[in-house]
Structure formats: C-alpha cells, structure tokens
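> Read off the chains here:
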Amino acid sequence: MRIADYIEQACGNLWKKKLRTFLTTSGVVIGIGALVCMFAFGQGVQRNVTEQFNKLDLFNYINVYARGGDRRREHSHDPDEEGGPPVGGTVADANAPRLDSRFLEEVQKIEGVEAAFPELRFPAQIRLGDKEQFALVQVLSAAICRPMPLRAGRCYEVNEPKGLIISESLLRRLSVNEPSEAIGRPIETATLTLDFSLATLWRMVTSRGDQALPIARESHRFVITGVAERMPFGGMGDAYIQPEAAAGMRKLSLTSIWDFFQPASATTNYPSITVKVRSPKDVAPVKKELESRGFRTWALVEQLDEMRIGFLIMDMVLIAVGMIGVTVASLGIVNTMVMSILERYREIGIMKAVGATDGDVQRIFLFESGAIGLLGGVFGLVLGWAVSAIINEVVNALMSRQAAPRMEYFSFPWWLCLGAIAFSILVSLAAGIFPTRRAARVDPVVALRHD
Amino acid sequence: MSDDGFIETTDLTKVYKFGAVEVVALHGVTLSISRGHLVGVTGASGSGKSTLMNLLGGLDTPSSGSIRVAGRLISDLSKRELALYRRNMVGMIFQSFNLVNAYTALENVALPLLFAGVAKKERQRRAAELLHAVGLEAREGHRPTELSGGEQQRVAIARALVNQPQILLADEPTGNLDSKTSRQIVETLADLNRNRGLTVVMISHEQDLLREFAHVMIRLQDGAVADRKVLRQNP
Chain A
521 MRIADYIEQA
531 CGNLWKKKLR
541 TFLTTSGVVI
551 GIGALVCMFA
561 FGQGVQRNVT
571 EQFNKLDLFN
581 YINVYARGGD
591 RRREHSHDPD
601 EEGGPPVGGT
611 VADANAPRLD
621 SRFLEEVQKI
631 EGVEAAFPEL
641 RFPAQIRLGD
651 KEQFALVQVL
661 SAAICRPMPL
671 RAGRCYEVNE
681 PKGLIISESL
691 LRRLSVNEPS
701 EAIGRPIETA
711 TLTLDFSLAT
721 LWRMVTSRGD
731 QALPIARESH
741 RFVITGVAER
751 MPFGGMGDAY
761 IQPEAAAGMR
771 KLSLTSIWDF
781 FQPASATTNY
791 PSITVKVRSP
801 KDVAPVKKEL
811 ESRGFRTWAL
821 VEQLDEMRIG
831 FLIMDMVLIA
841 VGMIGVTVAS
851 LGIVNTMVMS
861 ILERYREIGI
871 MKAVGATDGD
881 VQRIFLFESG
891 AIGLLGGVFG
901 LVLGWAVSAI
911 INEVVNALMS
921 RQAAPRMEYF
931 SFPWWLCLGA
941 IAFSILVSLA
951 AGIFPTRRAA
961 RVDPVVALRH
971 D
Chain B
6 MSDDGFIETT
16 DLTKVYKFGA
26 VEVVALHGVT
36 LSISRGHLVG
46 VTGASGSGKS
56 TLMNLLGGLD
66 TPSSGSIRVA
76 GRLISDLSKR
86 ELALYRRNMV
96 GMIFQSFNLV
106 NAYTALENVA
116 LPLLFAGVAK
126 KERQRRAAEL
136 LHAVGLEARE
146 GHRPTELSGG
156 EQQRVAIARA
166 LVNQPQILLA
176 DEPTGNLDSK
186 TSRQIVETLA
196 DLNRNRGLTV
206 VMISHEQDLL
216 REFAHVMIRL
226 QDGAVADRKV
236 LRQNP
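Chains A and B, in that order, give the protein sequences. Just so you know, we're using this note's numbering here: the first sequence kicks off at 521 and counts up by one. Just so you know, we're using this note's numbering here: the second sequence kicks off at 6 and counts up by one.
Everything labelled a hint here was simulated from the structure, so no lab data went into it. In this text, a Cβ means the ideal position worked out from N, Cα and C, and glycines have one as well. Among the hints, a few may not be true.
Computed spacing ranges between beta-carbons, pair by pair [what the hints assert, rightly or not]: (1) E27/B x L851/A: 35 to 43 angstroms; (2) L862/A x Q226/B: 35 to 43 angstroms; (3) R77/B x L543/A: 47 to 55 angstroms.
In silico DSS-like links for lysine-lysine, alpha-carbon gap of 30 angstroms or less [to be verified]: (4) K126/B x K537/A; (5) K84/B x K125/B; (6) K629/A x K808/A; (7) K125/B x K538/A; (8) K125/B x K536/A; (9) K537/A x K682/A; (10) K682/A x K651/A; (11) K575/A x K629/A; (12) K126/B x K536/A; (13) K575/A x K682/A; (14) K801/A x K575/A; (15) K629/A x K682/A; (16) K234/B x K185/B; (17) K538/A x K126/B; (18) K22/B x K537/A; (19) K682/A x K801/A; (20) K84/B x K185/B.
If you want the footprint, here are the derived chain B segments under chain A, 3+ residues with CB under 8 angstroms [as the list claims (entries may be wrong)]: (21) 56-66; (22) 84-93.
Make the full structure from the sequences, and use the hints.
Structure (structure tokens):
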C-alpha cells in the first residue's frame, strides 16, 4: 500500500465516525493542552529568570565577603573555611582583610573589574508630599544603576549625590500612579538608628512611654531622578541612592544583626561588597584574585549548573502532572481503536481475503491512531497556547495592581510546538499498538463468518 | 482433458480444535485440478467444501498434507506469502458476497488493487472497466446495501477479477440468489472460464446447473472425496 492510501484510508475511516473521532481527539487535545501549558510555564519561568539575570548583568557580579566573622557563611565555597559562630564582624579580627572604602578603590584596579559597590540596605521612612511609607533603601552606584530598566526618568549621575531612584510599587504606595509625575520631585528619607546617648535615654525615662525605644530619626532630602521598572538583586530595595549619599547617613544596616549593638560609627566596614566585572568570563580570574587577597567570594554565574538542575526538576514535576491527562487520553485512543476493530472485524477479514497482509491491516489502523494524535497534537497546542494566553493576561492584570511589570509567564519555543505534536503522535501510535496488533492477527476465515 | 495438475492437493487434512474437542473437517483429500477447468464441488452441509475452498484460497493452512498451485507449495508459505498469493493468484467469491458496506461498488472492486499498491486513478479505471464488464457501470457509486443480491454478487465477481488472478474460487456464489439470478451468475463464471481461461472451482448445491458447465464434478462426504466425475474433456 502507498503512504497516500494509508492517509486517505485513515482520514476516511475517522470521518465516517465523526462523533467518536471528535470525542477521542478531544481527550488528546485536553491532555496535550495541559502538558503544553505546564511545559510552557516551566520554560517561561526559566526564560524569565535567565533573561532577567542577563538583562541586569547578574552573571557579571561577584559578592565579596570578609573571611573572619562573615555573616553569610552559607554562601561559602571555600573548603578551607573554618567553622564556628560569627564573631562581631571585623571587630573580632583586626588582621583580617577589610571591606572598606579603601578596598572599594583597590578592587576597581583589578583587571576585568568594572565597578564595585557595597551591598548595603537600610530601612527608612520615605515621605513624598503628604504621604509616608516604610521602605528599604539600597545603595547603588551610578555605574551599576545605568543598565537598570526605568519606567520614567533616568539614573542619577555620579555628581548627583542627592539623586534617588524609586520603585514603581513604592511610588504607588505613595499614591502616585503616573511614574513621570514623580520625576524631579523632592523626597524625604528618614533613617532610623539606635541611639544610646544620654539625651535619648533621658527622653525615654521622662517621656512616659511616648518614646519606648532608643531610636533616633534623621531626615535627608533627595530628588527623584528615575522610577525603576523592576528591582534588581531580587527586588530587595524600594529606593536607590548613591554610596556617597549613604555614607553621610546614620542608619541601621539590615545585613547585620550586630549593627544593632554597635554605634553607627563602628559600622564603617561593609558586610559585603558587590564587584561587577566586564563580562562573565572575567568572573573566574577576578574571583581568584580576590580570594588570594583573603576574601571569600560568591558568583551567580557559578550557580548556573545548579540552576539548570533546579529547572530540570521543575520541568519534570510539571510534565508529570501534565502526563496524567495524556495517559487518560491514550487510554481513550486504545478504547476507540479496540471498538473500531471490533466493528470492522468482518471488513478486516475481507481485506485479508483480497490480499492485505497483516502489516497492511496493522498500518491502516496505526495511521488512524496516528491521525488522532496529529489532530490532538495540533489542537492541543492551540488549546495550551490559548489557555496560557488567558492565564498570562489574568496574572498580569492582577500583578499590574501591584505595579509589577508585564511579563510573559509562558514560553512557546519552536521545539516545544513541534515536540508537542510529535509527542502526541507518538503517544497515539503507542496507544494504537495493542489494538492494531489484534487487528493484524484477525483470522480471515473466522472474520468472514462473523456477522 | 489435459490433467496437468495445476492445483494439486495431497493427503490434505484439516482438523479444528475447540478446546479438547477435535473436529476433522477434511481427511486425506488428494485431488488434481487442471489449468483452465471449471470444477464443481458438491456435498452435504459439513462435508468440508468450504474448508477445502479456504485452503485452496490460502485463507487457511492445512493440519497436514500439501497444496501445490502452479508447482508452488502453498501449504508451506508464510502468512505474508499467503497474503501475496491471495492477492496475485486467487479471486474469491462468497455466498454472502462479503462486500464492505461502507464502500461504494467501485471502491469495493478496487479494494484488492489498494493492497497491490496501484495508484488511485488506475484503481478507479480498472474497477470501472470491470463493473462495466459485469453490467454494473450505472451502479458505481452505490453501496452494497443499495444493490440487489445478484448485483452484489456481480460486484464481488468484478472484485475477484480485478487483480487478474489465475484461479477463481466461488464458495456457493448462488446460495443467496433466486434461480434466475443463480443461472446468470454461473453463466458469468463459466464465461470467464471459457473466455479468459480462468481455472474455476465452484461450490454449489445446484448440481444440475453445475453439470451444464463443469468439466469435473467432485463430491465430498465427511471430509473426503467420495466421487470424482469428468464431464468434459477440454477446457
């Protein structure tokens, strides 16, 4: 038999049983649609994370920590690292290399380093007009800030120590819905510090409960230069200011619990510093250089393999869930094919009597189940895409209320589209193997007697 | 009669097993059929006529003994080789016509060509030609359920001829037809035997009708050849 004849036979036979074909194919459509949706979501997450990292140059960053008394021991990849509890930062080891402003200058002289800035965040009360909100302020140099996507305005320049970038979500919390309206507006940032001065303690004693904590408040005025679309570095900050501006502010560093117990003047050493290199290939030599100087380092680019395994596990879980539908659909195909073969038992006998081989008969039915798979695959892909688009729109609509930027949560690479159709056909063919073998084994003598 | 043994069976036996019960359908049948003869096979119900026909047509395989057609040992062929034998050497006609109801008359006639890998246009051309030959050119697009018994059997004859076989096996082709139509069908088969030189083996209860055309009459009884009469010499 010719391939064209197999196809014509399959289509003709399926068309004769339209309702059954429709119902069986619908099962495949739903199964493949669910699988495609799940897989596309996994791919979307993977793509968004990778793109986000690439967009923000996160693969170009190295985090540097002081060796002694490091507070982020969990990131250590140094097998020589000694255990033990953290001991009050640099104060505990006077000889340990320090992460201070001098280090910031020196590190920028290393070949491949583009910039370095302290990883510093602190809480502050932000006031815009008559609205006030609690927020996290992150220190970010102008050089690092530049590639950041902005909703409105621009990044502050080095000579703008009073420039501030605000996140869109904080802006909304401050009742400004149009980002461009915020540009150029003055904004007040009030920092909180622990103040154990006698005056404060005296106030605590004499205020009769009005001031229960030894906290001092210090106001600084900034001007909004830009509104950030999305927050880099895990979105930890609500606002960004320059290191020079932060240096002159009394504040609590959220990266260190020990800072609560030290006067502001004692926290001149940074808990960690982020070094930006020119390209990901500079990461390894710069890391080596920093480690040789006695620092510990951590770079995201080195976590790529672990990330890939993580994504793979996520994909597997999503596929496993999606496969439930496909399994049910394939049972539907088996049922349909068994029914079809029973109905056409005599016809199979006739075909064999006029010269059809077992292979001819098997292939006629395999093409039918393959055709169900093809239809199911194509329409399942369409269904998966449509459902994904709807979910995407709903989630984006919900997220936009929180000023989150629009994102495509599902990804449909070409290989997923082709793979879904191919997989659907393969599953259908596999489901058709058992019934079609039965068809091929039909005894023509018995079948011709069959009524 | 040129008794060249175009079809030869030797000690042909067929035993069907139904669980522990064995039913002997054919027992030690040895016969020879010459090329171009029309052979009538008669016998009571259950005498093994249809079993013999199925074995000669390659639809079934013997329990023991051999079948040789045109010098080729049919009884030893694989399933695939038997299918090719049915496709290329044999045309079969059945009492119940065995047409596919979902297909038109034209599609039914063209069915064997489908498995022979003939292109669609050629299939349709040859099927139409044969339907014309059996006088059913006006019924091409009709389904079997829209045709009379005689017309259905003529469609079945056209289908049996479409692959230009050398042997035509007819298993009670007149069994479901009235006497007038039965005669027409037997005459058609006799014409094919006479004009195309086809070797025809026909089972029928209508012995008188068969005797008018058959070269040889074989009577089966209890799965064995009870009687063999040569009625005419030349094909």
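> It remains to establish, for every hint, whether it holds in the given structure.
Verification of the supplied hints:
no.	hint	in the structure
1	E27/B x L851/A: 35 to 43 angstroms	holds (40 angstroms)
2	L862/A x Q226/B: 35 to 43 angstroms	holds (37 angstroms)
3	R77/B x L543/A: 47 to 55 angstroms	holds (48 angstroms)
4	K126/B x K537/A	holds (26 angstroms)
5	K84/B x K125/B	holds (26 angstroms)
6	K629/A x K808/A	holds (15 angstroms)
7	K125/B x K538/A	holds (24 angstroms)
8	K125/B x K536/A	holds (20 angstroms)
9	K537/A x K682/A	violated (75 angstroms)
10	K682/A x K651/A	holds (20 angstroms)
11	K575/A x K629/A	holds (25 angstroms)
12	K126/B x K536/A	holds (22 angstroms)
13	K575/A x K682/A	holds (26 angstroms)
14	K801/A x K575/A	holds (17 angstroms)
15	K629/A x K682/A	holds (27 angstroms)
16	K234/B x K185/B	holds (26 angstroms)
17	K538/A x K126/B	holds (27 angstroms)
18	K22/B x K537/A	violated (37 angstroms)
19	K682/A x K801/A	violated (35 angstroms)
20	K84/B x K185/B	violated (39 angstroms)
21	56-66	holds (count 4)
22	84-93	holds (count 7)
The structure fails hints 9, 18, 19 and 20 (numbered hints given earlier, in ascending order).
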